[in-house]
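Asks: Listed below, chain by chain, are the residues.
There are 2 protein chains.
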Amino acid sequence: MAKQKKTPRPKAITPKGFRDYFGHEVTERAEMLATIAGVYHRYGFDALESSAVETVEALGKFLPDVDRPNEGVFAWQEEDEAWLALRYDLTAPLARVYAQHRERLPTPYRRYTMGPVWRNEKPGPGRFRQFYQCDADTVGAPSVAADAEICAMLSDTLEAVGIPRGDYVVRVNNRKVLNGVFTSVTRGAGKNDIDAMSPSELREYREHELRGLKNDEILDAILRQLDKFDKVGAEGVRHLLTGGRNDKSGAFIEGVNLSDHMADGFVQFLQARRSSNSETLARLREILKFSAIGREGVDELEQIADLLAAQGYGPDRIVIDPSVVRGLGYYTGPVFEAELTFEILDEKGRPRQFGSVAGGGRYDDLVKRFTGQAVPATGVSIGVDRLLAALREKGRVSSQVQGPVVVTVMDRERMAEYQTMVAELRGAGIRAEVYLGNPKNFGNQLKYADKRASPVAVIVGTDEFDNDVVQIKDLILGAKIAENATLEEWKERPSQFEVPRNELVTKVQDILKAQA
Amino acid sequence: MAKQKKTPRPKAITPKGFRDYFGHEVTERAEMLATIAGVYHRYGFDALESSAVETVEALGKFLPDVDRPNEGVFAWQEEDEAWLALRYDLTAPLARVYAQHRERLPTPYRRYTMGPVWRNEKPGPGRFRQFYQCDADTVGAPSVAADAEICAMLSDTLEAVGIPRGDYVVRVNNRKVLNGVFTSVTRGAGKNDIDAMSPSELREYREHELRGLKNDEILDAILRQLDKFDKVGAEGVRHLLTGGRNDKSGAFIEGVNLSDHMADGFVQFLQARRSSNSETLARLREILKFSAIGREGVDELEQIADLLAAQGYGPDRIVIDPSVVRGLGYYTGPVFEAELTFEILDEKGRPRQFGSVAGGGRYDDLVKRFTGQAVPATGVSIGVDRLLAALREKGRVSSQVQGPVVVTVMDRERMAEYQTMVAELRGAGIRAEVYLGNPKNFGNQLKYADKRASPVAVIVGTDEFDNDVVQIKDLILGAKIAENATLEEWKERPSQFEVPRNELVTKVQDILKAQA
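Protein chains in written order, with my numbering: chain A, 3 to 518; chain B, 3 to 518.
Okay, chain A solo, but in the shape it has when bound (with noise of 0.2 Å):
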């Protein structure tokens, strides 16, 4: 016979940056988004779950941390022509979902949703091209109120699923304060001094102040640099906003070339955080004195303060910050980040603080790329990975998993009687199986239930069948005692019981308590 030509088989692994998730992976994060969605659902915020695909143009280029326009997505092209990409964030989506929809939907509109993203990044340690995000947004609401509300929320949130307070703080700044900032600095003071103007003059130099912003590029690879101040330090955001500076690798890492004079300025600004939320207001209205657009910044950041501190929410929970930047370009009011205070050791055993877990902020113009109308709107976006990961460092969800309770199989003839054992036991609420691979050894059968991390196996071969009893063994039990007990405690705390068949499920119903 001639031989066939065989095609080679295919590789089984997850394409580069990709990864699967078992188990206890999956439902300890089912758990904390569900207890994230019982928080939002009762601030009267509403579930939304958009298409993961969307088309490339309803996108944008709103992706952060990347130079090269249409670089970062997934994306193809469909036999019409037409891209299509999958979401990077959940944010343009909901732009686009706002605005095609609007007709319908409440106005403000409170939406919800979580899922994953990707993201078509260069792939590294801990560093995934598709991740989960879990974000609260408020369309259409133009008032600071609005920003508070999800300041509260996410400090809610934290201490729902797990983070104690004292072990989180939500720092709060304004993009218009940073804003103010960067027209002072870049134009120098004294000939901007607001308070010698007309009405109209005013007016006039706002609008142009603001339109000066948003075209001007080099906003964006400023905020970069301010980004690391958490990093870098102030030395290192002064160096990245001049000449640059060596990183610890010794990597030469390059300026934005601004002047001394301008980084000083930004450095100030970064560095304006006092003991109380007064006196950072107070430090904040010195620097932005010949600001409109960064004293109005400043009143916001003091409202948005004092109506939480009338709520309860201080500055053990939330503080302004003016070193909070977020790198994002298309946020326009406050900015905040919620971090977690407590230390931890990093992968070389040095203690450092956990960090960021979750931000936001508002964002008053994504809407108006679709509809021309400016449309306010403000939220935040959890990190869910990270937060988890933090749960974890708490010990606040369980990295030990019990498995279900395990019915050998001694003979396979009396397959429906095991299964009825398993029904029964599961009718009490209790997890369990049946043995469904090749019974013949019995070995491998304790071997499985040792790798289901199972509570309890019961056993029933031909004489148990015949005197109507079932073997029940405390595999819990029975792990400690191989590992330290005397021979004393070995014959006094016995792990394995026999009892008769019908008591199978409160026997086991006992060692489950006792184990627990």
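If you are wondering where the hints come from, they were derived from the structure by calculation, not from laboratory data. Treat each hint with caution, since some may be false.
[Stated by the list, open to error] The list that follows gives simulated cross-link-like pairs (lysine-lysine, DSSO-like), each with its CA atoms no further than 30 Å apart: (1) B:Lys230 - B:Lys250; (2) B:Lys453 - B:Lys442; (3) A:Lys453 - B:Lys370; (4) A:Lys230 - A:Lys291; (5) A:Lys442 - A:Lys482; (6) B:Lys233 - B:Lys18; (7) A:Lys515 - A:Lys396; (8) B:Lys453 - A:Lys370; (9) B:Lys370 - A:Lys18; (10) B:Lys13 - A:Lys370; (11) A:Lys370 - B:Lys449; (12) A:Lys370 - B:Lys18; (13) A:Lys453 - A:Lys442; (14) A:Lys13 - B:Lys370; (15) A:Lys482 - A:Lys509; (16) A:Lys124 - A:Lys230; (17) B:Lys396 - B:Lys515; (18) A:Lys370 - B:Lys442; (19) A:Lys453 - A:Lys396; (20) A:Lys250 - A:Lys230; (21) B:Lys370 - A:Lys442; (22) B:Lys233 - B:Lys350; (23) A:Lys233 - A:Lys18; (24) B:Lys18 - B:Lys250; (25) B:Lys370 - A:Lys449.
[What the hints assert, rightly or not] Using C-beta positions, here's what the derived DEER-type ranges look like: (26) A:Asp367 - B:Asp413: 27 to 35 Å; (27) A:Glu105 - B:Asp413: 27 to 35 Å; (28) A:His43 - B:Ala284: 50 to 58 Å; (29) A:Ala253 - B:Trp85: 33 to 41 Å; (30) B:Ala84 - A:Glu256: 31 to 39 Å.
[Claimed, not checked] Here are some chain B residues the structure puts well away from chain A; computed CB gaps all over 10 Å: (31) Arg167; (32) Val234; (33) Tyr332; (34) Ala376.
For each residue, glycine too, the CB sits at the ideal point set by N, CA and C.
Given the coordinates of chain A, assemble chain B onto it according to the supplied hints.
Replies: Structure of chain B alone, referenced to chain A:
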């Protein structure tokens, strides 16, 4: 000034065949999936969430109903030339996951998974290119006990989500039986009288019979026609297997061009169901007396029925039905389908049975693609959206949604006090929000509450603040009264109440209780 050239605004639309899901649509699905996950978990199945993106190579060409290869998926080429694609079901990824991680997974591996899948098909009414699946599979268990377990679990699942016993049936068939019919019919009976064969002849014959089937492309075409039995009936299938038929619209559907004799054999088989499982099994043995593989299939069906009956899953829930075909070519043993048996009205108001909401079967060759070793596997996939639609039909999920309590804003300077009210309501577990739009027009606030389906509005203006009271408006009662009350009733049953500020929460609770 020179007019700047504008780029046209992007269109705010989902790509063709995609849609968004809002509010209740999202949460009712999430609740149903959580219920299903609960049943699967209790059966010992572990959660798995595999990557949504796979290599095209790993996905293979198992997509049903697609004639041209590489059709049916959304795929794109990476910079490194690799082709990636969105998963089109949850079974192909399971085969990849098991092959990739088999060293550390338990055997048998029971897993469940739920999430969207994507199909690059022509969209139609109610037919979307992204939809949810919810699968449970057991990999590595060759015994039909695994198939029986899946059928029992499917039955439990349907009842858990709210389909009462009697409103569904799980119909079971066996691909081996179908293959037996295929060889009997295509070769003609008599020649293959296996009872007259020696053991070695028998073995050779069975191998030949199996190999013949796998290589035979016509089987897939026949399967697709047999699968239409529910829709077009016996005569319809007979025409589709022979010369073709005209469908309702008058269009001619080409046939498979079998001989009449062959078509008769298949149609006879489709109609082999009798009034009890034992009679059906007897009828199948009669039809298949000349096929070893067919008899093996009948034996398996008998074992499954016996196992299930012994556990109390009688023919009121699970029946043997030879007309269950399942279009997919990859099934190798038992196949099953859950059908809802109650009638609904179709688009034209005609009563029809709701039909299939879940299906699955045994597929022993999917993992082999990767490893070269056959790994037995069996599983079920629930059509989440169809099942939800069924529950809506039965009134098992409420189509009525209760919105949040809306605290209206009369005095925007006192926002913090309004926020404190909603915080108190939330603290008592009540969904509540403050109106965040422009508060100037009070009518808009009540319209908003209406659009949000709010049960209660809270109204507090300067007078109320001064007197330390709040106005609470029962919007459900108010709407009822407005609709059909007499003046007397109107007076007797006020829908707006003034209560002391500190009774806000208890009064709202009372109203919500009265509405429930």
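Asks: Given the hinted pair Lys230 of chain A and Lys291 of chain A, is their alpha-carbon gap at most 30 Å?
Replies: holds, 26 Å
Asks: Go ahead and decide if the range 50 to 58 Å is satisfied by the Cβ distance of His43 of chain A to Ala284 of chain B.
Replies: Because 56 Å falls inside the window, the suggested range holds.
Asks: Does Lys442 of chain A lie within 30 Å of Lys370 of chain B when you go C-alpha to C-alpha?
Replies: Roughly 24 Å separates the two Cα atoms, so the pair holds.
Asks: Is Lys18 of chain B within 30 Å of Lys250 of chain B, Cα to Cα?
Replies: holds, 27 Å
Asks: Holds or violated: Lys482 of chain A and Lys509 of chain A, Cα atoms, limit 30 Å.
Replies: Roughly 19 Å separates the two Cα atoms, so the pair holds.
Asks: State, for the Cβ atoms of Ala84 of chain B and Glu256 of chain A, whether the hinted interval 31 to 39 Å holds or is violated.
Replies: holds, 32 Å
Asks: Per the stated criterion, does the least C-beta distance between Ala376 of chain B and chain A lie above 10 Å, as a non-interface residue requires?
Replies: Non-interface label on Ala376 of chain B holds, nearest chain A Cβ at 13 Å vs cutoff 10 Å.
Asks: What's the verdict on Lys370 of chain B and Lys449 of chain A, does the C-alpha distance respect the 30 Å limit or exceed it?
Replies: holds, 25 Å
Asks: Does the structure keep Lys453 of chain B and Lys442 of chain B at a Cα separation of 30 Å or less?
Replies: Cα-Cα ~18 Å, so holds.
Asks: What's the verdict on Lys442 of chain A and Lys482 of chain A, does the C-alpha distance respect the 30 Å limit or exceed it?
Replies: holds, 27 Å
Asks: Holds or violated: are the alpha carbons of Lys233 of chain B and Lys350 of chain B at most 30 Å from each other?
Replies: Judged against 30 Å, a Cα distance of about 17 Å means the pair holds.
Asks: Taken at face value, is the distance from the CA of Lys18 of chain A to the CA of Lys233 of chain A at most 30 Å?
Replies: Holds: Lys233 of chain A and Lys18 of chain A sit about 28 Å apart, inside 30 Å.
Hint compliance for this structure: no hint is broken.
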